[in-house]
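Residue numbers (the numbering used here), protein chains in the order written: chain A, 20 to 283; chain B, 88 to 355.
Everything labelled a hint here was simulated from the structure, so no lab data went into it. There could be a bad hint or two in this list.
Stated by the list, open to error - From the structure, some residues in chain A lie toward chain B, with a derived Cβ separation under 10 Å:
{"hint": "1", "residue": "L39"}
{"hint": "2", "residue": "L152"}
{"hint": "3", "residue": "V162"}
Said to hold, decoys possible - Examples of chain A residues lying across from chain B (beta carbon under 8 Å, computed):
{"hint": "4", "residue": "V27"}
{"hint": "5", "residue": "I29"}
{"hint": "6", "residue": "A61"}
{"hint": "7", "residue": "L140"}
Given the structure is predicted, the values throughout are model-derived calculations rather than measurements. Positions of the beta carbon are idealized from the N, C-alpha and C atoms, including for glycine.
These are the residues of each chain, in order.
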Amino acid sequence: MRLWLTLVGIGFRRWSTYRLAAFAGAFTNSVFGLIRAGVITATIAAAGGTLGGYDALTGVTYVWLGQALIGPVYFFAWTELAQRIRTGDVAVDLARPVDPMLAHLAADLGRAAFVFLPRGLPPLAVGAAVTGLALPGDPGAYVLGLLSVAFAVVVSFACRWLVNLTAFWLLDLRGPMTMYLLVTNILCGLAVPVQWFPGWLAAAAAVTPFPSMLQTPIDVLMGHSAGWDAVRLLAVQAAWAAGLLAAGRLIFTLGTRKLVIQGG
Amino acid sequence: MADNPYVVLVRLRMRAQTVYRGSFAIELVASLGATISGFLEIYVIFANVPALGGLDFPAAVLVFAIGHVSFSLADLVVGHLDALPNYLRSGTLDAFLLRPLPVLAQLITAEISLRRFGRTVAGSALAVVALAHTEVAWSPAKAALLAVTVCAGAALFAALFVGAAAVQFWLVEGTEFTASFVYGGSYAAQFPTSVFGTPARVLFTFVVPAAFVAYLPVLALLDIPGAAPGGLPAGVLGWCSPIAAAAVWTVALLGWRAGLRHYTGAGS
């Protein structure tokens, strides 16, 4: 356990080196937040004041929390493991006395913990200043919310890990990675809340882990889902995290059997 | 013609990209991702409401498609200027400075990203379908407006790319600051500007004139007396995209010149 916490700390420190890049990212997230807040506000107004359980203020809160979580949960191309497989560096991971997947997971949690400060807080501050935020007064919502964000990071990591594992069998990762980013961006609820999806798209989203990566933590954090409803959503997240990590462990083991490292 | 150095450079780049047919096909299809996710966003919104910012579904799709095609054309030709910080860090820009051609022209012809053409085709198809579902009173002037709009929009985004690259001469590590104007501008251009609050509306009309890329021309095209800024008639403002593009190009080229003069090289 101590080893694992050390790995989380190292992940945190590694990312804290790139502070300017993190703030620049927060700036981008804020500009996009401004655009999305406009679109969401206009849509809710056109629907007559409430849509899918969101009114004008909770709608923009949804947007700003989403922009704050893009960085920590990570909706970008992550190819670190794939590159290690291609170059053969993964052999070093295998030689270490820690499980490679859990070590990478620890580093990713450390990354998320750091990135939340410079990339998560500025969009929220901009949102509070420009449109106002509807944040819950109940401290319980924040405790459950933070837990939900942590689960979201684990689910996101497990998905990225699985996509990277295709590098054991494929030479070029760009195809699978682009497909993954496309499906994630649509189904996680980044641009439009999942509650607004028409039936067929909502059904597609419901059987994927993607809403657990963004829609769920936002709804729990802003108190949109509270009490037993929130606990149920957290259980769904935990189930996805456990299932995907188990699949990741299994496929990694299968991949290492096929792996041939050149050189000596 | 064949002796023109730019033609030779561009032809070489195109050949290099299409040599690996399998990879090129995958990238061509992958470039459609932005079209699909962008269209789905508008589709989901209109599954809930009949109109957004004064536009109905076909008109909103038309705004999206025109903005998308304009941006994809600019991205095709100058999108790789995003990589300028890599040239600056590694010092490879010095090689461009030694050749007897303008640096910007060399950089632009240093890569043409053919794979991004997938988006241009998909966006154009979407625009045609949307136009078929709207009632445009076609006239030679309307057809000219459509052509002018796409060209001016592409030029405007290209200028944004050049301006953003110029800022990299000072920032180097802060690419995302400028990316937010280029990509944020393209995102904003795909929606009716009327949905934004005052700060965003001012930003995307006068600072990064995204409103001129698709929204204002579509108002003129469909004869919608929409909420044009300053109370000016949309029929006039719709024709002003070339002026907006020229303004952004002026700023971008001045910035580029200043940036290039600021550049001192990365070493021996």
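Quick rundown of the hints versus the structure:
The criterion of a C-beta within 10 Å of any C-beta in chain B is met by L39/A, whose closest approach is roughly 5 Å, and the hint holds. The interface hint given for L152/A is violated, since its Cβ lies 15 Å from the closest Cβ of chain B, which is over the 10 Å cut-off. The interface hint given for V162/A is broken, as the beta carbon of that residue sits about 32 Å from the closest beta carbon of chain B, more than 10 Å. With a cut of 8 Å, the hint placing V27/A at the interface with chain B is violated, because the nearest CB-to-CB distance is about 25 Å.
Interface restraint check: I29/A against chain B, minimum CB-CB distance 22 Å, threshold 8 Å, status violated. Checking A61/A against chain B by beta carbon gives a least distance of about 4 Å; that is within 8 Å, so the hint holds. Because the beta carbon of L140/A sits about 16 Å from the nearest beta carbon in chain B, more than 8 Å, this interface hint is broken.
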